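Residue numbers (this note's numbering), protein chains in the order written: chain A, 1 to 460; chain B, 1 to 316.
Simulated DEER-style distance windows between Cβ atoms: (1) A:PRO49 with B:SER124: 38 to 44 Å; (2) B:LEU230 with A:LEU290: 50 to 56 Å; (3) B:SER168 with A:PRO293: 23 to 29 Å; (4) A:LEU290 with B:THR220: 57 to 63 Å; (5) B:GLY74 with A:THR334: 30 to 36 Å; (6) A:ASP382 with B:SER168: 48 to 54 Å; (7) B:TYR309 with A:GLU440: 50 to 56 Å; (8) B:TYR309 with A:ASP86: 35 to 41 Å; (9) A:ASP400 with B:ARG250: 55 to 61 Å; (10) B:TYR309 with A:SER437: 53 to 59 Å; (11) B:GLY205 with A:ASP86: 45 to 51 Å.
These are calculated hints, taken from the structure and not from any lab test.
Bear in mind that the values here come from a model prediction, so they are computed numbers and not experimental data.
Note that beta-carbon positions come from the ideal geometry of N, C-alpha and C, so glycine has one too.
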Amino acid sequence: MGAASAAVTAGCLGDDDDDPADDDDTEPADDADDDDDPVISYWQYGGIPVEEEYFGTKYQEFTAYEVDRTHQPWGEKFSQVAAAADAGDLPHVLQVLNTLIPDYRALDAIQPLDQTDDFADRVEAMNDGIIPELVEVLQYEAGQFGVAGPFTDLGPFIDINPNYMEEAGWDEIPRTWEELLDLARDMNEIPELQAAIALPATDEELTANNFEAWAYQNGGRWFDPETGDVTIDQDGFVDALDLWGTFVEEGLTPEGQVELDYIDAGGMFMSEQVGMFVTLSHAQAILDTLEPPEQFTDGQNQIVTLAPQPESPTGEFAPVDTLIQLPKTPMMTTAAETDAEQEGAMQFMEFLMSEDFTEPWTYRDDIGIRGRLPTREDAWEDPEEIFEAQFGDLIDLYHDGELFEVAEPFPFFPGLASAQSELIRNAIQPVILGEMSAQEALSDLAPTIQDILDEEPLED
Amino acid sequence: MGTDAIVARIRGATGAAVDSDRVTALVERVGPYLLLAPALIFVGLFLLYPILRGLYMSFYDRSMLRPGQSTFVGLQHYRTIFGDPGTAVVLWNTFLWVAVVTVLAIAIGFAAGWLLYYKIPYTSVAMGITLIPWIVPGVVGATLWNFMFSVRVGVFNELGVRLGLIDSYVSVLGNPEISMYAPVVGMVWRMFPLFALLTITGLEGIDTRLYEAAEVDGATPWEKFRYITLPQMRYVMVIGILLMAIFVVRDFEMIWVMTGGGPGVSSSTLPILAYRSAFVNYNLGMGAAISTVLFVIVLIFSFFYLRVYAKVRGDF
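So that you can see chain B by itself, here it is in the shape it has in the complex:
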């Protein structure tokens, strides 16, 4: 319904002579908010309220076993998070988890995207296959990797024994020294297609005349890559890194299914610790505090993501 029609209806409803310009101005001022209202209510109810509620709960000692009872403890949960040696291991694991998965997934994703764009025929078919890890439900992927790393029936152990690399089956998921590596492998497998997709998008956006000019100037393939492809891809890369970090830091299922965060806390990250605190140890306040820390981390990544995205929005 156009503004004129709305003005006419208001006139009809009031039966009074209304200043046409004033009504038009009012509708123009209020109309957008009315249109936005459903979305704002949805965001408020399902995003803002839980976030604020979680933040509020993080200042309270609240146990699932004492429904309706809570005690204000201020910053105690946060002091525990940043002061407890066990939690320090989890924070370090979270950093490693994000850093290693992001770097590896970007390296492999970039290579896959580059190959798909330049070297592999039937790109759409190959791209479809490449996207499978991204499409497969997370729990299914995690279960497959859990099976492959299993100390009892794992394909990697069997392969290692048959190739003579190991004498007998080795426990990866049950060894606190290396238990983190198995979910890292699974997560890189899950995430690299995202960056492959971004890489293809980025490569498609590079003006081919730049390569033609470079060839005229006698540039080698490496020089073309170094001085044209990489600089032209820089924003795609930054966006990819930030997107990847946001996805990875929040991920729960890959680690939970493969190791449960153990043995001990050797492969626990913040989401695992938050779940354990809230639903195993019943400590909702601590679970909320850990989730708040996680939220702040995601917020920082998101802030930079939005800044970069705003800068290059016109390029996409």
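One chain only, chain A, in its complex shape:
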């Protein structure tokens, strides 16, 4: 049993002498019946149905404090927290996307977890056994503002139907942008398919996440970290967007990309209307929400793989193969003001990080959560068969030290949600609709993004 788990067990059962929480002046409650104990409010955002069901029942096993849980829609994770912060109505614990940490921090909605020695030790215990690079993406300013949660999503990925790939005359997965274009052109000739590749481009952050991952592969960045100057109008971003535009311009995508969300794209892939779709590593999780036929769960009809990379990246920054995000990061909000509230929130976060709670994402039990990449090292060191079947190539990269070690976090700065929305509506969508060239759209957009960057101080 890991230290984090031990701490949790102690919080729940009160029987582990090694738990650092036991050393604290504020004694953890033995059960939720003590009238002096605060009720810990907990907002959890998004998740596929099986995860939502799991979160909705499993949290009740935490009995040290009474927990008031609310499942919130993924799309509301910024505006709702902003409104709650303004109204002084935040919950004690949020479980949400890590890239919002700078925005939440600017709202004064969250607090660092390692603010006291005791808490620092307990955070360290929760980090123990988690892939170290995933812990790093939780660092902001001078503290750690969340813990990793049970799984990570990586980008960029594509999901390919191997049967159609073979029918198109390809026996190997494309590894460069040019090869991907060629495969798409060949696949487009297959009469049963409506189009070769679905490229979801609705106005939601996943569209921006997907695109960012492609642009970062090409050496693009939102801004120069040295100067703070916007760089979306440079080749790294421009050529990546140009590639997306080419897919649409050549008729390789189905009608209406800007109204296809990632669920629609997965649905088209599953119903074999397209042979590929652009996604993050969670492609299987998306398909599972659509109750796929067996051949889409046993690996026959799909290969979820890292997206091809540009042969010669054109951006001025170092190309990044993979970007990391943590969609279920537990964070302690500033609503946890008193020692008792902070203690309750901390114990609940320890519960959320326990081995028992995170087990379903390691593929070791029968709950059936698939398509997620576990944050726990042991799941990668000794992978289950089903995990290997889905992500064998990633597990190989992990063992070769070429997965997380070379990855970087998804973009992470105050104003990100606003910048992403501007990017989608004023660059990605117009280019996909053929209204503007990539260069024109991104050059026009650059001053707006610079304003967003200038408004908020960048992280030191």
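With the hints as your guide, set chain B onto chain A.
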């Protein structure tokens, strides 16, 4: 408690001889305000204060990301609203949205109301069915229409292909040229029952002797409609138009659910822009300024509505 009882209690409480007429006058003067006070406090707290607060905020640059900090910028947000080409598109969309939905909903609502009143048996059952779009929660209705217009599984696309009208599925919600039409259809569906209801009310108020007299004079059905029904319905129509405009200009959910105001701003109206400014771009000042413009528009419609209503109040 009557005035006499109040006067008696005041006398009892003071234990002094009080001029009965003066107390009565005081109670009569102050009493109504006391009775109104709870309502006035409620209106002040939950309507007046937010409006004034919004107006105040519209003169400031205030970002959600900088809690507690704001800079006075005067009319800058209003200059942006009326000077920025992107916002001009939104203003034009708002005008089109209100005009087209109102005209179509009134035409269809009038026809439905007329049919229900004169032609369709089991009027109450038919009326109940007609009212469904008005009763269904807005988000549910918008989601249904979103589904029907979908480029992937939409019933209209499927119907079009099966009838040979189109070769393959067409994107409506994702096409900036026509993305506004889909929410218009959904909103007309949602609003027409309101006017059908008003039409039935109006028709019920027409004196049947007018039609009898017209028949004696040999009037045709069209002439009866043109010279009796329409003039008698004029106030109902004006009230319907204004009510409809007030509802439609404020509507958020139909467009938000169906297109999110996009692609780009192609189907955005003022409420969508206000939401985006405040909760996506964090610009509370701009969001407040857009909301203030929207408020003034609603105020104008409301002013005319109240004037017309005051004129015909006795007819209802």
